[in-house]
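Chemist: Chain by chain, the residues run as shown.
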Amino acid sequence: MNTQQPASAYFLEDNKDPIEKHTLSIVVDNEPGVLARVIGLFSGRGYNIESLTVSETEHEAHVSRITIVTSGTAEVLVQIKAQLERMVPVHSVADLTVTGEAIERELALIKVAGEGEHRMEALRLADAFRARVVDVTQNSFVFEITGKSRKVEQFISLMQPIGLTEVVRTGVTAISRGPEALKV
Amino acid sequence: MNIKAESETMTANAQEAEMMTGAEIVLRALKDQGVEHMFGYPGGAVLPIYDEIFQQEDVEHILVRHEQGATHAAEGYARSTGKCGVVLVTSGPGATNAVTGLTDALMDSIPMVCITGQVPTHLIGNDAFQECDTVGITRPCTKHNYLVKDVNDLARILHEAFYVATHGRPGPVVVDIPKDVQFATGAYIKPDNIEHKTYKPRMEGDASAVEAAVEVMMNAKRPVFYTGGGVINSGPDASNLLRQLVRMTGYPITSTLMGLGAYPASDRQWLGMLGMHGTYEANMAMHDCDVMICLGARFDDRITGRTDAFSPDSIKIHVDIDPSSINKTIKVNIPIVGDVGTVMAQMIRAWKARSGQPDEHALQNWWNSINTWRNVECLKYKPNKHVIMPQYAIERLYELTKDRDTYITTEVGQHQMWAAQFYRFEEPNRWMTSGGLGTMGYGLPSALGVQVAHRDALVIDIAGDASVQMVIQEMSSAVQYELPFKIFILNNSHMGMVRQWQQLLHGNRLSHSYTEAMPDFVKLAEAYGGTGIRCSKPDELDDAIQKMIDTPGPVIFDCVVANLANCFPMIPSGKAHNEMLLGEDVSDEEVGSAIDKEGKMLV
Ligand SMILES: Cc1ncc(C[n+]2csc(CCOP(=O)(O)OP(=O)(O)O)c2C)c(N)n1
Ligand SMILES: [Mg+2]
Numbered sequence: 007m008n009t010q011q012p013a014s015a016y017f018l019e020d021n022k023d024p025i026e027k028h029t030l031s032i033v034v035d036n037e038p039g040v041l042a043r044v045i046g047l048f049s050g051r052g053y054n055i056e057s058l059t060v061s062e063t064e065h066e067a068h069v070s071r072i073t074i075v076t077s078g079t080a081e082v083l084v085q086i087k088a089q090l091e092r093m094v095p096v097h098s099v100a101d102l103t104v105t106g107e108a109i110e111r112e113l114a115l116i117k118v119a120g121e122g123e124h125r126m127e128a129l130r131l132a133d134a135f136r137a138r139v140v141d142v143t144q145n146s147f148v149f150e151i152t153g154k155s156r157k158v159e160q161f162i163s164l165m166q167p168i169g170l171t172e173v174v175r176t177g178v179t180a181i182s183r184g185p186e187a188l189k190v
Numbered sequence: 044m045n046i047k048a049e050s051e052t053m054t055a056n057a058q059e060a061e062m063m064t065g066a067e068i069v070l071r072a073l074k075d076q077g078v079e080h081m082f083g084y085p086g087g088a089v090l091p092i093y094d095e096i097f098q099q100e101d102v103e104h105i106l107v108r109h110e111q112g113a114t115h116a117a118e119g120y121a122r123s124t125g126k127c128g129v130v131l132v133t134s135g136p137g138a139t140n141a142v143t144g145l146t147d148a149l150m151d152s153i154p155m156v157c158i159t160g161q162v163p164t165h166l167i168g169n170d171a172f173q174e175c176d177t178v179g180i181t182r183p184c185t186k187h188n189y190l191v192k193d194v195n196d197l198a199r200i201l202h203e204a205f206y207v208a209t210h211g212r213p214g215p216v217v218v219d220i221p222k223d224v225q226f227a228t229g230a231y232i233k234p235d236n237i238e239h240k241t242y243k244p245r246m247e248g249d250a251s252a253v254e255a256a257v258e259v260m261m262n263a264k265r266p267v268f269y270t271g272g273g274v275i276n277s278g279p280d281a282s283n284l285l286r287q288l289v290r291m292t293g294y295p296i297t298s299t300l301m302g303l304g305a306y307p308a309s310d311r312q313w314l315g316m317l318g319m320h321g322t323y324e325a326n327m328a329m330h331d332c333d334v335m336i337c338l339g340a341r342f343d344d345r346i347t348g349r350t351d352a353f354s355p356d357s358i359k360i361h362v363d364i365d366p367s368s369i370n371k372t373i374k375v376n377i378p379i380v381g382d383v384g385t386v387m388a389q390m391i392r393a394w395k396a397r398s399g400q401p402d403e404h405a406l407q408n409w410w411n412s413i414n415t416w417r418n419v420e421c422l423k424y425k426p427n428k429h430v431i432m433p434q435y436a437i438e439r440l441y442e443l444t445k446d447r448d449t450y451i452t453t454e455v456g457q458h459q460m461w462a463a464q465f466y467r468f469e470e471p472n473r474w475m476t477s478g479g480l481g482t483m484g485y486g487l488p489s490a491l492g493v494q495v496a497h498r499d500a501l502v503i504d505i506a507g508d509a510s511v512q513m514v515i516q517e518m519s520s521a522v523q524y525e526l527p528f529k530i531f532i533l534n535n536s537h538m539g540m541v542r543q544w545q546q547l548l549h550g551n552r553l554s555h556s557y558t559e560a561m562p563d564f565v566k567l568a569e570a571y572g573g574t575g576i577r578c579s580k581p582d583e584l585d586d587a588i589q590k591m592i593d594t595p596g597p598v599i600f601d602c603v604v605a606n607l608a609n610c611f612p613m614i615p616s617g618k619a620h621n622e623m624l625l626g627e628d629v630s631d632e633e634v635g636s637a638i639d640k641e642g643k644m645l646v
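Residue numbers (the numbering used here), protein chains in the order written: chain C, 7 to 190; chain F, 44 to 646.
No lab work stands behind these hints: they were computed from the structure.
Owing to the predicted nature of the structure, the values given are computational and were not obtained by experimental measurement.
Even for Gly, the Cβ is constructed at its ideal location relative to N, Cα and C.
Be a bit skeptical, because a hint or two may be false.
Distance ranges between label pairs, derived from CB positions [what the hints assert, rightly or not]:
1) F/Asp344 with C/Ser77: 21 to 29 Å
2) F/Gly168 with C/Arg136: 21 to 29 Å
3) F/Ala171 with C/Met126: 55 to 63 Å
4) F/Ile167 with C/Glu150: 37 to 45 Å
5) C/Ser77 with F/Lys374: 14 to 22 Å
Subject to a maximum C-alpha distance of 25 Å in a straight line, what follows is the list of computed BS3-like cross-link-like pairs (lysine-lysine) [said to hold, decoys possible]:
6) C/Lys22 with F/Lys618
7) F/Lys192 with F/Lys423
8) F/Lys240 with F/Lys192
9) C/Lys87 with F/Lys374
10) F/Lys240 with C/Lys87
If you want the ones that stay clear, here's a sample from chain C, every Cβ over 10 Å from chain F, calculated [claimed, not checked]:
11) Ile25
12) Asn54
13) Ile55
14) Ser57
15) Glu64
16) Val84
17) Ala88
18) Thr105
19) Glu107
20) Lys117
21) Gly120
22) Arg130
23) Leu131
24) Gln144
25) Arg183
26) Gly184
Pulled out of the complex, with its shape left as it was, chain C reads as follows (with noise of 0.2 Å):
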C-alpha cells in the first residue's frame, strides 16, 4: 500500500482481490421475517446478491431452504458464511461452489410476439432448446425452459431479434451431487 491516506478517523483502502461468484444454499427456520433477516444481512454488510430464490422445503419440520448466488473476493465470501451460520434462525450454510460442481437450474417464462416466419422461427428454437409452449394465441407464445442461467440466458438473447416482448425468471436453485444431503 504506497497510496497517501485522506486525513480520516478511519484507514481507507481499496481491495483489489479477484472476485468470485459462488452459490450458497442455506436451511433456516420458516419464521416470520426471515428472509428479511438474511437479506439484510447482504444489504447491511455491503454483500452482494446476484440472485435469490426461497421456499419451504419441509413443512412439518418449518424449514425453508434460501438458495443465494453471490459474489466477492473469497475473504468476503468466507466471512458471509460465518455471518449467516451466527444468525439465530439458520440452521445450517452450504457453500455448493466449493463443495463441489453442484446441479443449477432456474427456470424462465419468455413471452414472444409475432407473426409468419417469426414464429416458424421461434418454435424452431424453442425445440432445440427444449423449451416448452405454455400458451399460445394467434400472436404471440409464451415459453417456459429450465437449465443452467446461461442456457437461459442464450435462449433469451436469440429471442431478441425475433419479438421478445417480455421475462420472468426465477433465480437460481441448486442442489449438491451424490447421496449427501445438506444437513437440517
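For chain C, the structure is supplied; the task is to place chain F with the ligands on it using the hints.
Modeler: Just chain F with the ligands now, kept in the frame of chain C:
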C-alpha cells in the same frame, strides 16, 4: 384463577395446566428467569404489563426518564453483574428511543432482553397510533428479535430470548408483544430445558488447534497476549484463568478498552491498553511480537491501525466464540472457535502437560525491549500549578477511590481515553464504557444501572461536558431511587475529542466543537435534587473529590480542566503501531503535520 389454583396442587401436568394472561406470563417468565430489576418507561401499549408490575414484588422496576436511559442502565447492570439486563418500553417512540442502546449492546456483546409493547395485532400495518415496525427497525441492531402473535407462544419466546441473549456471544434480544396478546389468556411454560432448536454455540475449542497453539506459544521468542471484552463476558472464571495462564507463561499482556480489569493493572506483566490511544509499550509489543495470542478480542480498527502494517511478523492465535470474528479483518494462523474461558482452561492443561520450557534467554531480551519502551513514559504530561490537567484529575480520582468498592463508567471522548489510561483496574466488571458504538450519553444511565445492582458501592461516571448533557435527565431517576452515584465531569468546554481531530486533520478549524452556553452544572445538580460541586484549582482537587465521595446521594462534580489538552499517545490514521505520536513534547505544529499535506488534499 381457578385453573391456576388447581394447577399448583397438581404435580405432573402443572406446566400445561397453568393458564394466565399475556401480561402475567411476562412477569412470571421474568421471575422464573431470576430477574430482580428491570428498567423501563410506560405507555399505552404496555399498560397491561405495568398493571401486573404494580401487583407483584419479585421484580423491581426502575422508572427512567428516557428509554435510551433504560437501555444503557440495563447495559451497566449487565456489565457489572454478568447477568442479563432487562428493559421494558412502549410501542412506537418507546421502541425507537431504545434503538441506540440496543445497537450499543450489540456492538459490545452485552446480554439484554428488551420487551416492547406493540399495537394490537389487528392494527399492525395500519399506521395505528404509536405503531412502528419494531422488529423491522431493530432487526439489524439486535442479536435476534421476535414479534409474538399468539399468547401461547409468549412464555417459550421469552425464555428463548434469555437463552439467546446470554449464550454464545451475548447480545440484545427484542420481544415485541402486541397489546391484545398481553390481555389474552394462554398457557405458561417454565424455563426448564428451554434452549434454541438450532442455536447451540460451541464452547470447547478444537483439541488439536489448542495443542498447536500451545506449541507455538511455548516456542515463542517475543510473545504477547492481546485480550478483550470476551474475557469479561465469559465470566469471572475466565479472568482467573487468564491470570493463571499469563503468570504461568511469564509473557506480557495488553488489552483492548473493553477488556480492562480482566488482568490486574498493577501486575508487572501488564503493558496497559493497546490501540489508537493505547500505551507505547503495548503497541510496540504488538508490532514487534513473533507470537500474538488473541483472547476474546476482535481486531477492531481502533486496535489495528492500518491493517497491512499490523504486527507484520507474528504468528497469530485467535480464540473467539463467534466464528465470524475470525479472519474478518486480520488473517490469523491458528483460529480456535470456542468460549474463551473454556479454551484457556484447555491451554493451561496442555501447557502443563508439556515437558518443554519457553526460551528464557529470548524472553529476557524481549522484556528488555519492553522495558526500553516503558521508559519512554508515554503517558507523561506537563503538570500545571494553575489549571487542573485532565490526566491529573483522573490520577487523583484513582488514588482517592482505589481502596473502595468502586465501579467506573464513562461517556465518550477524551475523558474516556484518559480514564482508560490513568484509572487502573484490578478486577473485571468494574469498568463500563461504550466501546464499539462510542455512544455519548452512555455513562450516566450506565452508572445508574450499576448502582441498582450494587447499592453500597461507589459508582462514578467519568464524563465529558458535552456527553453528559445527552442523557442528563436520568439524574431525576437517581434522585428518585436514592442512587448515590457520582458524575465526575472533565469540563474542558469543548467536545475535546472532536476538537483534537480538527486540530490534527482539519487545520484547527474548530467547527462546532466548542460548547457555548454551557449550563451551570452545580445548579443543574441542585435543580434535580442532587448535590453540585465545582473545582478548578489543582491544590483543591483532593478535598473536593473527598467531599464528593462523602456526600450521600447523587453528585455532579464539575471539574474544570485545561481546555485544549490533547489525548496522547495516539496512532494517527493511516499509520502503523510503531508510528505513534507521543504526548508531552508535541507542539501544535507537530500535531498539525502528523498527517501529511498530500493526505489532506484527498479529503
Ligand atoms: C451520540 C454521539 N454523537 C456524536 C459523537 C461523536 N463524538 C465523539 S467524542 C465527541 C465529543 C465529546 O465531548 P465531551 O463529552 O465533552 O468529551 P471530551 O472529548 O471533551 O472529553 C463527539 C461529538 C458520539 N461519539 N456520540
Ligand atoms: Mg469536553
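Chemist: Now look at each hint and say whether the structure bears it out.
Modeler: Okay, the hints, checked on the actual structure:
no.	hint	in the structure
1	F/Asp344 with C/Ser77: 21 to 29 Å	24 Å, holds
2	F/Gly168 with C/Arg136: 21 to 29 Å	44 Å, violated
3	F/Ala171 with C/Met126: 55 to 63 Å	59 Å, holds
4	F/Ile167 with C/Glu150: 37 to 45 Å	38 Å, holds
5	C/Ser77 with F/Lys374: 14 to 22 Å	21 Å, holds
6	C/Lys22 with F/Lys618	20 Å, holds
7	F/Lys192 with F/Lys423	59 Å, violated
8	F/Lys240 with F/Lys192	20 Å, holds
9	C/Lys87 with F/Lys374	16 Å, holds
10	F/Lys240 with C/Lys87	20 Å, holds
11	Ile25	18 Å, holds
12	Asn54	18 Å, holds
13	Ile55	16 Å, holds
14	Ser57	22 Å, holds
15	Glu64	13 Å, holds
16	Val84	6 Å, violated
17	Ala88	4 Å, violated
18	Thr105	18 Å, holds
19	Glu107	26 Å, holds
20	Lys117	34 Å, holds
21	Gly120	44 Å, holds
22	Arg130	50 Å, holds
23	Leu131	45 Å, holds
24	Gln144	44 Å, holds
25	Arg183	26 Å, holds
26	Gly184	24 Å, holds
Taken one by one, the earlier hints fail for this structure at numbers 2, 7, 16, 17, listed in ascending order.
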